[in-house]
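Those protein sequences? They're chains A and B, same order as listed.
Going by our numbering, the first sequence opens with residue 30, and the numbers climb by one from there.
Going by our numbering, the second sequence opens with residue 194, and the numbers climb by one from there.
Hints were generated in silico from the structure; no laboratory data involved.
Just so you know, even glycine gets a beta-carbon here, dropped at the ideal spot from N, CA and C.
Please note that a few of the clues may not be correct.
[Claimed, not checked] Cβ-Cβ distance ranges computed for the label pairs, FRET-style:
1) B:ALA251 / A:VAL195: 33 to 43 Å
2) A:ALA62 / B:ALA251: 23 to 33 Å
3) A:ALA237 / B:GLY210: 27 to 37 Å
4) A:ASP46 / B:ALA221: 13 to 23 Å
5) B:ALA236 / A:PHE32: 45 to 55 Å
6) A:LEU169 / B:ALA221: 43 to 53 Å
7) A:ILE248 / B:GLU269: 36 to 46 Å
8) B:GLY259 / A:VAL162: 28 to 38 Å
9) B:GLU279 / A:CYS67: 30 to 40 Å
[As the list claims (entries may be wrong)] Beyond 12 Å from chain A on every Cβ pair, some chain B residues (computed):
10) GLY215
11) ARG249
12) ARG257
13) LEU265
14) ASP270
15) ALA278
16) GLU279
17) TYR282
18) GLU292
19) ILE297
20) LEU352
21) VAL355
22) ILE356
23) THR366
24) LYS374
[What the hints assert, rightly or not] Computed list of lysine to aspartate or glutamate pairs in EDC-like fashion (alpha-carbon distance at most 20 Å, straight line):
25) A:LYS99 / B:GLU256
26) A:LYS41 / B:ASP222
27) A:LYS41 / B:GLU311
28) B:LYS328 / B:ASP316
29) B:LYS276 / B:GLU292
30) B:LYS301 / B:GLU311
31) B:LYS314 / B:GLU325
32) A:LYS216 / A:ASP46
33) A:LYS163 / A:ASP36
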Amino acid sequence: MVFHPLDQFIVKPLFGDGPVHWYTPTNVTLWMAIGLLCIVGLFVLGGRGRAIVPTRVQSIGELIYGFIYKMVEDVTGKDGVKYFPYIMTLFVFILFANYLALLPMSYSPTSMIAVTAVLGFGVFIAVTILGFVKNGASFLALFWMSDAPLVLRPIIAIIEVISYFVRPVSHSIRLAGNIMAGHAVIKVFAGFAALTLVSPVAILGITAIYGLEVLVAGIQAYVFTILTCVYLKDALHPHH
Amino acid sequence: MATEINDAVAGACLDAGGSALGMPQLCADWIPNQIFWLLITLAAIYFVMSRIALPRIASVLAERSGTITNDLAAAEDFKIKAKEAEATYQQALRDARAEADAIIAEAKASINSDLAVELAKADAQIAEKTAESEKAIAAIRESAMESVAVIANNTAKELVAVIGGNADAKTITAAVNAQMKG
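Using the sequences plus the hints, can you model the full thing?
Spelled out as structure tokens, the structure:
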């Protein structure tokens, strides 16, 4: 018996089986497009009525809007609210990619490190540039703990700089790692389900891991978004 | 030949059976494709969100909170009005009660004065009647005394006659009168 738990992450061209160029429509394209359609369906078609008393779909969209808006406002303060559309974009993309990936036979773009690295480094670069544009050189005060003892400050500054540059790595690998691991584990259990002797246990395992993954899908989208807000807050208010 | 085609098709990341060699996440051949489509998708989502969805939801939420605020203010108004109406009602009730008390007091006073007048009139009548009656009784008594004198005369005369005496009327009358004067 041979398991291929990672074959679910293979990038395949949608049409024919030629090589995968950067512009080739692939299964990645397909599932990102499905995600986009769901987002349009929820936020555009669902809110079409502009009803004072919301319909069910509309109230789900408003709930997500309120949730993220409040998060941005609480974490970054009033002046962070103008970045709300970017953060909302990140959140809904990750949320829908994560949940659509839980459909059988689907593809999970957020399990690919290339995808999450673009998101993570995108946030990192944007936030760093924003920090220097908004604060100039005083953005570096982020690394200088003015309330620590003077002797310790240079050492803390070195640690702070290292941790600052590790941020995008942990930010992107956390998301990809969680989603990839969950899907791979489900596939491993599915492989064992072919063995009659252990199949009840394996199917129970699939069910349990699937339940866990439903939680993980939402939590990872939330974690990615709130960390983005925290980094944005550091860029807007670098002084401790 | 077959392997050659497979290599050309799949590159370095797939084995001959079409399974992944190592982690597909780390296959360099596939990375540009994912990044390209991710950027397209993010741009599309950002466009939809910032141009259509978010302004619409924001306006709906603002409209809703405005409606709720207005409704609450209207409810507050109605509450104040209800309180005013209640106060007016209580005032009216108090006024009516006071008026009723005044009417009762007035009626009592007028009844009392009427009663006093009637009582006085009745007392006067009673006094008059009493006086008349006393007069009548006095008259009756007088006439009775006279009758007693007459009867005494007659009786004395008869008695004298029966005894066999003979007396004139003058003597008898004088005797009777003397007796009655006792």
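Hints breached by this structure: 5, 6, 9, 10, 11, 12, 27, 29, 32 and 33
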